[in-house]
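Peer 1: Sequence:
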Amino acid sequence: MVKVSRGRCLLQDWLDLKGMSQAELSRRTGYAARMISFYCSGSRPMSTSAMYIISRVLGIHMEYLYEWKMK
Numbered sequence: 362m363v364k365v366s367r368g369r370c371l372l373q374d375w376l377d378l379k380g381m382s383q384a385e386l387s388r389r390t391g392y393a394a395r396m397i398s399f400y401c402s403g404s405r406p407m408s409t410s411a412m413y414i415i416s417r418v419l420g421i422h423m424e425y426l427y428e429w430k431m432k
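In my numbering, the protein residues as written are 362 to 432.
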């Protein structure tokens with residue numbers, strides 16, 4: 362059976378690419394700026410709902426928010 366796990370969080374890369382600050386993403390999603398910072402640094406993983414909301418704001422597929430590893 363194939364196992365899939367999250368690798369590095371790519372959120373900060375996407376914010377840089379879209380020209381959006383963490384503060385702006387916080388305002389647009391309603392997530393605390395501290396949580397956005399945790400997500401960007403990889404300190405805390407995003408929940409599925411956070412991935413969905415953030416991906417909608419960024420206009421990307423939610424699976425693009427992380428590098429994925431298959432074993």
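Since the hints were derived computationally from the structure, they do not count as laboratory data. Among the hints, erroneous ones may be present.
Derived lysine-lysine pairs resembling DSBU-like cross-links, with alpha carbons at most 35 Å apart [what the hints assert, rightly or not]:
no. : residue 1 : residue 2
1   : LYS364    : LYS379
2   : LYS364    : LYS432
3   : LYS430    : LYS379
4   : LYS432    : LYS379
5   : LYS364    : LYS430
Peer 1: Could you work out which of the previously given hints the structure breaks and list their numbers from low to high?
Peer 2: No numbers; nothing is violated.
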